[in-house]
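> Protein chains in written order, with the UniProt record's numbering: chain A, 1 to 593; chain B, 1 to 314.
Hints listed in this document are in silico derivations from the structure and should not be mistaken for laboratory results.
Built from N, CA and C at the ideal position, the CB exists for glycine as well.
One or more hints might be untrue.
[Claimed, not checked] Selected chain A positions facing chain B (in silico; Cβ < 8 Å):
1) Ala29
2) Ala69
3) Asp73
4) Phe91
5) Leu132
6) Val135
7) Glu136
8) Thr163
9) Phe197
10) Asp202
11) His379
12) Arg381
13) Ile382
14) Gln501
15) Leu543
Here is what each chain is made of, one letter per residue.
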Amino acid sequence: MTTATPALEPSDDARRLECAFRCAALDPALAGVLLFDLEPRLIEPVSRVFAAVLGGPAGPPAARIPLGAATRDEELWCRSRLERRPDGIAFTVGPSPLVDGAAPPPLAVVADLASLSVAGMRAAVQLIGADLVSVEQPGLRIADRPRTRWLALCRSEDAGRVTPHLLDRFAVRLAVPGLRTVPDAGPTDAPLPHDTFATTTDRAVTRVHEILGPGAGPRRSLALARIARALATLGGHREVTAQHCEEAARLIGLRVTEPTPADDRADSEAPGPRLPPLPRPGDIGRRGGRPAKRRRSEEKLPLLASGPAEGVGPAPGATLGMPYPEDEAMALREFMPLRNPWQRRSGPTSTRGAVVGTRRARDLRDLALVRTVREAAVHQRIRGNREFTVAPVDLHSNLRAPAPERLLTLLLDHTCRGDWDWQDALTPFLQWAYTSRAAIHVVEVGGADAADELRAESFAARGVLDPRVLAALYRPKGRATPLAHGIEQAGQVLRQAFRRQGSALAEAWLVVVTDGRGNVPLRASHTGRLHGPVAVQGIEDSLTAAASFAAMDRGRLNVAVVDTARRPYGDLPFALADTLGATVVEGRDSHGG
Amino acid sequence: MSRTSPGAWILPYSCVVGQDDLKLALELNHVAPGIGGVLIAGQRGTAKSTIVRAFALMMHGELPVTLPINATDDRVVGGWQLDALMRGETREQPGLLEEAHDKGLLYVDEVNLLDDHVVNIILDVVSTGVLSVQREGLASAKQLAFGLVGTMNPEEGGLRPQLLDRFGLMVTAADLDTDARHRMIRTVLTFEEERTRGTSEWLAEAERHNGVVRDRLEAARERFPQVEVPDDILRLCAEAAGQLDAVGQRGEIVATQAARALAALDGVLRVQPRHLLQALPLALRHRRPEAAHGGTFDWGRDDHARIKDLFDAG
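With the hints as extra help, turn the sequences into a complete structure.
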């Protein structure tokens with residue numbers, strides 16, 4: 001296969017990246033570039049290349065705007081400045097770089113899309129690839145076509161946690177786990193063509209459908225067709241052909257299927273848009289007879305390489321990494337992730353969460369000082385005071401994301417599970433943790449993959465939707481059961497939480513799922529070595545470790561033991577519950593159900 | 001500071017492929033503004049926002065008054081001009097609700113993502129017809145009335161029943177079949193390619209088509225007051241609403257208005273049962289008990305079967 005388009009080496013991720021950036025720079029509808037599995041250390045050089053492409057060979061690189069978990073609404077839309085002038089403090093409001101109309105278009109850089117703040121996600125949904133963005137902020141009204149380009153990074157396994165509503169905005173997606181180096185120098189190619197796009201042919205659109213298959217959403221189809229058009233335009237071609245579509249597919253890592261037998265329609269034949277047929281775009285330039293002369297392949301303008309023409313990418317059928325990993329993701333997703341978090345009106349943590357914005361103050365707690373001064377500055381002249389004064393109406397307080405007020409500690413004994421699906425027994429506790437936005441700490445004993453089978457392992461997560469929690473529920477069982485060590489770790493977790501969070505921790509649950517048959521003494525867990533026969537030492541140590549829970553704040557700590565109903569020694573969970581001061585919850589019935 | 005793009009790049013209304021229900025709802029709302037607005041729900045990339053903007057551009061030559069999810073409450077209800085305040089002057093700046101009153105319509109993109117306090121403000125105004133502002137030295141109460149047009153992706157959450165009920169009609173964006181999808185992509189790309197050319201016969205032709213649609217709608221709007229609703233149609237509407245367990249009575253009123261608008265579009269001066277049958281899903285789908293409590297907005301064969309007998313008997 002020969003190509004009349006830029007020669008791409010799909011194995012060369014750096015070139016694919018640069019080509020994708022040039023497509024995004026050319027067409028505002030391709031403004032969102034999403035990279036999967038890029039090494040974190042490469043974020044800076046990769047974004048620098050994109051900024052250089054946006055700036056063009058002659059101009060300065062585009063400004064880069066980092067966005068992340070701490071991004072707030074106020075900084076996204078407006079840029080306010082306080083200045084001291086001879087007659088007092090002056091205050092000006094202007095558009096933020098994200099919505100500023102200045103050239104070159106800026107580049108928003110999101111280092112981890114899965115942890116982008118709600119404000120950042122909402123802005124991305126409004127801006128990326130949109131025909132129009134409306135901004136209605138104090139002192140600022142904008143209704144314009146967004147020009148900002150976006151570069152976001154995400155791990156493939158996190159794609160399922162990001163709302164499809166946001167993911168769908170990213171038209172250009174590349175999986176680049178193999179990228180190791182990025183060229184230091186900016187692009188030196190010719191400037192991007194800005195006059196006209198290449199004309200998309202009917203056959204090209206058909207090829208887009210063939211490549212994507214029948215289930216693809218309209219945005220994906222449009223994205224692939226636009227990338228193909230950008231490649232054709234960058235290559236100096238006047239028409240987009242099926243070959244450009246295949247090249248676009250390979251660029252983003254899509255499998256390129258064999259085309260269906262070509263129909264009789266000419267490439268440039270186009271049905272007019274609906275209601276009575278409008279003139280075909282191709283007709284306009286050909287009025288009066290002969291069709292426009294097609295550029296020959298020898299006349300192509302290579303985008304990335306000056307070597308001999310070669311096949312585009314690997315053999316048909318090969319893929320470079322799935323550009324839509326969310327389609328196969330199993331991760332749980334936050335409910336209504338694009339809604340602003342509910343602000344608690346009271347409670348100990350209302351002044352402890354991360355600041356996500358400001359609001360008019362209802363009292364004098366947790367004042368947002370800069371916002372308050374800014375509000376006061378606006379009214380100084382009107383008030384006619386000789387000195388700078390702050391009136392009650394100026395007062396603003398911080399709006400904070402909810403901080404976890406609750407904690408669920410799960411102690412999972414994998415050796416007691418067998419073929420029992422314990423998720424049903426745990427569901428009420430997991431639901432409680434989700435609805436109350438509780439933090440979660442999982443302590444595991446007896447997992448097959450444990451780094452040390454004599455020791456318990458644990459991890460903390462922000463909530464039950466963390467993918468590690470689901471994975472922990474289905475861990476295969478190992479041989480040893482260091483239950484005593486697990487109980488000891490759970491105790492440490494809870495004591496630390498009560499000590500660190502103080503009164504902010506309103507409620508905590510410890511849920512223990514075990515048959516009580518600990519077979520690793522606590523000393524063995526501590527030393528990492530077994531000394532002689534175990535006998536009942538593992539069970540006795542478990543009960544000893546459990547006894548320490550009696551000294552905790554039981555007004556806020558609830559403990560439950562899920563009865564696994566294993567025989568013999570079916571009374572061990574009850575003995576453990578007695579020592580823990582726990583209620584016993586029926587898990588598996590005595591018949592193993 | 002204010003910046004408005006002189007020429008918004010919105011696909012011409014007459015070029016939008018498919019989504020006939022969405023277009024019909026907007027057209028009915030234009031012919032009969034008393035309908036009170038349209039809620040459009042649909043998956044990603046189904047041209048919801050495009051259709052609303054394209055319709056406003058076609059009918060009014062400008063974009064609709066838009067309430068974005070980034071709007072602050074003082075922009076919604078109005079306040080002082082910030083730069084004037086800095087100069088020591090007091091100049092009021094009308095809020096978006098007041099602008100919507102002047103132009104008759106407020107468009108809320110991603111309406112299900114609006115903050116609750118903004119939703120409360122809108123609900124207060126549309127239910128009482130009064131915008132009362134008592135803040136920052138402002139003291140005013142204005143009579144306001146406007147239609148609400150909202151777009152939303154139900155994947156991102158639903159609407160409170162009170163707000164849902166304020167939308168006169170509701171439609172869901174449909175998936176396109178393969179042929180329509182092909183035409184859609186071709187049309188969108190052609191539009192993007194044509195607008196980069198200095199002069200475009202294609203765009204001029206699209207504008208001519210827009211003119212035809214515009215004339216048809218304006219004629220229907222003029223005809224609308226003369227369209228009669230026979231008593232048996234009203235009875236039929238009430239029975240259908242009963243069969244569907246519609247919540248409240250606003251649905252019947254809106255369905256009747258929509259049927260009248262359909263008749264006006266049809267060029268007849270008397271509402272016929274087929275008009276009502278076509279209008280009922282638009283007016284009642286979001287007023288069924290299951291929709292009000294977070295259920296689906298789908299209008300399936302079962303729903304149709306529940307009212308079909310009434311119309312067959314008639």
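> Look at each hint and say if it fits the structure.
Do the hints match the structure? See the list:
Restraint check, alanine 29 of chain A versus chain B: the minimum CB separation of about 7 Å is within 8 Å; hint holds. Because the closest C-beta pair between alanine 69 of chain A and chain B is about 19 Å apart, greater than 8 Å, the hint is violated. Look at aspartate 73 of chain A: its Cβ gets to within about 7 Å of chain B, closer than 8 Å, so that hint holds up. With 8 Å as the threshold, the beta carbon of phenylalanine 91 of chain A comes within range of chain B, its nearest partner Cβ sitting at about 6 Å, so the hint holds.
Interface hint at leucine 132 of chain A: satisfied, since its Cβ lies 6 Å from the closest Cβ of chain B, which is below the 8 Å cut-off. Nearest Cβ of chain B to the Cβ of valine 135 of chain A: about 6 Å, under the 8 Å cut. The hint holds. A least Cβ separation of about 4 Å between glutamate 136 of chain A and chain B falls short of the 8 Å threshold, and the interface hint therefore holds. Given hint, threonine 163 of chain A at the interface with chain B, holds; its Cβ is 7 Å from that chain's nearest Cβ, closer than 8 Å.
With its C-beta approaching chain B no nearer than about 5 Å, phenylalanine 197 of chain A sits inside the 8 Å limit, and its interface hint holds. A least Cβ separation of about 7 Å between aspartate 202 of chain A and chain B falls short of the 8 Å threshold, and the interface hint therefore holds. With a least beta-carbon distance of about 6 Å to chain B, the hint placing histidine 379 of chain A at the interface is held under the 8 Å criterion. Hint on arginine 381 of chain A holds. Least Cβ distance to chain B is approximately 3 Å, under the 8 Å limit.
The restraint placing isoleucine 382 of chain A at the interface with chain B holds, with a minimum CB-CB distance near 6 Å, inside the 8 Å limit. With a least beta-carbon distance of about 28 Å to chain B, the hint placing glutamine 501 of chain A at the interface is violated under the 8 Å criterion. The beta carbon of leucine 543 of chain A comes no nearer than 47 Å to any beta carbon in chain B, farther than 8 Å, and the hint placing it at the interface is violated.
Checked against the numbered hints above, the structure breaks hints 2, 14, 15 and satisfies the rest.
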